[in-house]
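Asks: Given next are the chains, with one letter for each unit.
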Amino acid sequence: MSIRAIVYSEIEQIRQKPGKHLPQLTDDLPLVESGLDSLGVAILVTRLEDNLGLDPFATSGFTSPPVTLREFIRLYEDAAQPS
Amino acid sequence: MKTPLNRLNSIRDRLSKAAGCSDRFLWGGRGEVCLSDLLQGTSLGGWLRKLAGRSILLAARDQLAAAAVLIELDGVARRIVICPPDVGSEQIPSVIAKAGVNAIVSDCEPGDLDCSGDLLRVRCSPGILPAEREPMKHWATEWVLLTSGTASSPKMIVHTMASLVAPIETSAKSMKGNGVVWGTFYDIRRYGGLQVFLRAVLGSGSLVLSSEGESVADHLARLSAHAVTHLSGTPSHWRRALMSPRAGAAAPQYVRLSGEIADQAILNALQSFYPNSAVVHAFASTEAGVAFEVTDGLAGFPSSLMGRRGEVEMKVRNDSLLIRSNRAASRHLDPENGNLADDRGFVDTGDIVERIGDRYYFRGRSNGAINVGGLKVYPEEVEAVINRHPAVRMSIVRSRRSHLVGGLVSAEVCLKELSPESDTAETLKREILEICLKNLPPHKIPVTIQWVPTLDVAASGKLARRHA
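Chains as they are written, first to last, in the working numbering: chain A, 1 to 83; chain B, 84 to 551.
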């Protein structure tokens, strides 16, 4: 499963709220408008750490904060590259 | 001669002496209150006189309604117990009993509040109606703030107007002038947000409040529309704001962080995003009040602040930061919670500090409390909820480091039957989470549950906890 697919799948699981209208996930969607609140984004990052063994926020996550899902996914893809 | 804020009778008295209230506003997501309208009107229908001298629970859903009520009731109520939005309805009866509450002010439907008894119920609304203000006896109102405790009921911390405004009196003139528009990501019904509210209202400014259910993008758009000049939140609030495409819409001159450890990464990110802003982080707690502000853009605080004589005195005992000042709360409302300060007047913040060179850095909490985006979670209260599941023998809750919100709640659970089938294990996890969802606000729900065969018990017979 690609990093992108894992990110999408985790967001879908965390944001499940019955009866609440949720936007369709696209790469251009800002992460904070994906239906995840502050806690939800933190849970996403924790689950990705468990799943991928990566936490890019521990090192460079706020040098250039990711806004869209594309930027968020790229942060993980870059962190997964062997240096 | 300048009159110190704390010698004036009430917020309302202070406002009525201030010029320019017709140009000053409290802006919420769904409405606004002009301060001069509030001086000549009321948000409480015709009920203000009936509330005089009472111990009042303020349980409004809308922050703007709560803000208007606070201005009206200071100096009128004997006590205002300010209920933050995450206090569960099952906790309300114990708050009412312990605080001797005899009136409730709320914008909710009467059926929404789970409380019985002989209580005066008054509906509040941010829609201000004109009203004549009759002279009334002045009360030195007690302001009671609720914070999380180890037990299921919140701790009640008593402040006075004098302790609440003490840090504001000494703050820089740049925060008090006309034209200052404060904004905050905090809720004003907690200490951090209440400080911003008082700074705006008593310092000739206006204030943009957040609104329940509002997206961060919409909030930032409103902050920008009202040309916010001073903006305050926790590091977690700010991280979230920086991840919004609207972060650039606001252009504050002053950026303030408090409520959590401000690490160098978030300080650098904010300074780079808002290059023309002063980025300041402050240390405060509901119990000890505002202790200091750090303006040099670096994480931690200068060791020169320690041991200094003055309005705020600080020292370290057993690695924990202790503070003595006139900004501290006066007491716990419930005597069962013990004394707030030691016999020399120092409040133990429970925040562990470490000195490296000429700076101190925060390292976590001595009592194991988890700071989730500025909200305290005591492991014991989460464990008590998990342990209600009949299959659970015992559990321990710990902090899991998060670079976005500081800490998250994680649980290790020891089951009565040690090796459940995997299907049963998944069902149990789901059931435990359901119990947590029903009984705890979202930030207290474990993000991970791990099965463990055993948990260490110390010689005291208590769970062995590894604290900071």
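Simulated from the structure, these hints should not be mistaken for laboratory data.
Take the hints with a grain of salt, since some may be wrong.
Using C-beta positions, here's what the derived DEER-type ranges look like [unchecked claim]:
| # | chain 1 | residue 1 | chain 2 | residue 2 | range |
| --- | --- | --- | --- | --- | --- |
| 1 | B | Pro536 | A | Arg4 | 22 to 28 Å |
| 2 | B | Pro536 | A | Arg70 | 41 to 47 Å |
| 3 | B | Gln174 | A | Arg70 | 41 to 47 Å |
| 4 | A | Glu77 | B | Pro358 | 27 to 33 Å |
| 5 | A | Leu22 | B | Glu192 | 37 to 43 Å |
| 6 | B | Arg427 | A | Met1 | 45 to 51 Å |
| 7 | B | Pro328 | A | Asp78 | 18 to 24 Å |
| 8 | A | Glu12 | B | Arg476 | 31 to 37 Å |
| 9 | A | Lys20 | B | Ser386 | 47 to 53 Å |
| 10 | B | Thr253 | A | Arg4 | 28 to 34 Å |
| 11 | A | Asp27 | B | Arg400 | 51 to 57 Å |
| 12 | A | Ala5 | B | Pro503 | 37 to 43 Å |
None of the values given here were measured: they were computed from a predicted structure.
Glycine included, each C-beta is placed from N, C-alpha and C at the ideal position.
Asks: Taking the earlier hints as the rules, which of them does this structure contradict?
Replies: The structure conflicts with hints 1, 5, 6, 10, 12, although it agrees with all the remaining ones.
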